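Chemist: Sequence:
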Amino acid sequence: MVQALRASNLQVHTYSGLMVPSPHIVARSVPLKVHRGPLFDEVRQQFNSWIYQVTRVYKDQEHAELEYTIGPIPLEDGVGKEVITRMTANMATEKVFYTDSNGRDFLKRIRDYRADWSLSVKQPVAGNYYPLNLGIFMMDKKSELSVLVDRATGGASIEDGQLELMLHRFKTSNSYIIVFFNSQEHTKLILLSYTRRTLFDDSRGVNEALDESVCIGDECEGLTIRGNYYLCINQVGAGAVWRRTTGQEIYTPLIAAFTQEKEETWKASHVATGTAMDPDYSLPLNVALITLQELDDGSVLLRLAHLYEAGEDAAYSTLAKVELKKMFSGKAIRELKEMSLSTNQEKSEMKKMTWKVEGDSGEQPSPVRGGPVDSSTLIVELGPMEIRTFLLQF
1 MVQALRASNL QVHTYSGLMV PSPHIVARSV PLKVHRGPLF DEVRQQFNSW
51 IYQVTRVYKD QEHAELEYTI GPIPLEDGVG KEVITRMTAN MATEKVFYTD
101 SNGRDFLKRI RDYRADWSLS VKQPVAGNYY PLNLGIFMMD KKSELSVLVD
151 RATGGASIED GQLELMLHRF KTSNSYIIVF FNSQEHTKLI LLSYTRRTLF
201 DDSRGVNEAL DESVCIGDEC EGLTIRGNYY LCINQVGAGA VWRRTTGQEI
251 YTPLIAAFTQ EKEETWKASH VATGTAMDPD YSLPLNVALI TLQELDDGSV
301 LLRLAHLYEA GEDAAYSTLA KVELKKMFSG KAIRELKEMS LSTNQEKSEM
351 KKMTWKVEGD SGEQPSPVRG GPVDSSTLIV ELGPMEIRTF LLQF
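Under the working numbering, the residues of the sequence shown are numbered 1 to 394, in order.
Keep in mind that the hints were calculated from the coordinates and are not lab data.
For clarity, every value in this text was computed on a predicted model and none was experimentally measured.
Even for Gly, the Cβ is constructed at its ideal location relative to N, Cα and C.
Careful: at least some of the hints might be erroneous.
Cβ pair distances, simulated, as ranges [as the list claims (entries may be wrong)]:
#, residue 1, residue 2, range
1, Gly311, Ser348, 27 to 37 Å
2, Gln345, Thr377, 40 to 50 Å
3, Gln248, Asp374, 39 to 49 Å
4, Ala276, Ser101, 26 to 36 Å
5, Gln345, Glu294, 12 to 22 Å
6, Asp150, Lys33, 17 to 27 Å
7, Ser375, Gly298, 15 to 25 Å
8, Gln235, Glu346, 25 to 35 Å
Model the full assembly from the supplied sequences, consistent with the hints where possible.
Modeler: See below:
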């Protein structure tokens, strides 16, 4: 197990001949505390006085959950620091990795490459970082390694078989990156960055240093952050189900509610007034309920989304059907209008602009989309990645 410090003014050559930051080793041994329990096993690691990590493996889950606590980042040396986590596996990824687009479809990324122009690589690290809202993954001919995040952050694959996330940072004009290596067999788990901190204005337009701090009375210190990310290894082609299912669990977790009353007393005094699904019905596994909201005029806004891309999974990248009569079994739907995604006009009134794109023949295949909703059956069809919005009157 190794801790390392990577400075921006120290460079090494990669296999491609590019210059990338080289890490400084700052510690070679990190104590491990292993705790085993009936629900999960966990490993606790204290890297230094301001970086702490817990790795949990639940008995009924196929992935590992990693919780990190970082901060406040020390300022005494006046040197900027970026804390990342890096995962390295023996995978021949050939420069390719995938990042999500606003939590929906995953986009193919190729290191040091842009499809629209010839890229001159001058910043091999920053130039290959992409925004993440859901996660990042890589694959080869045998397996997939996926990482899901619990908040917006940055991610990259700087070397083949390698993924990294930015979890916390503090910057000066001379920036450093702190990296923590946890080597186990063929996999290295490295730590960690999310927020930004600068001692001086960086002349980017805000006219102030980005020096977030927490103050109690007259004492102030830099931010301490705590977060989670989730790591899973699957056979090639099998990772999509885990990414989509676990991604929904992270985005919309169950909310635990507690009461001091007995269950029977609470149920008797809190009568539900809303409608509920037919007890024998549930949404298809490839569909998510995005919005269910009663509006001021008494109508109900319903928004449904297909979770999978076309070709992402053999079983779930298919046309999905939602039965509204069973979804709202407690009341009869008198009227249904399909709206635009933003709900400001009916879908039938929408007029999309047709763009003339240089070099585009316009012969792209049309995506699979659900058809009109029959007022007698009230079945909503959803094609891969399709989102449909409705106004309901009961």
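Chemist: Output the indices of the hints that this structure fails to meet, ascending.
Modeler: As far as the earlier hints go, 2, 3, 8 are violated by this structure, in ascending order.
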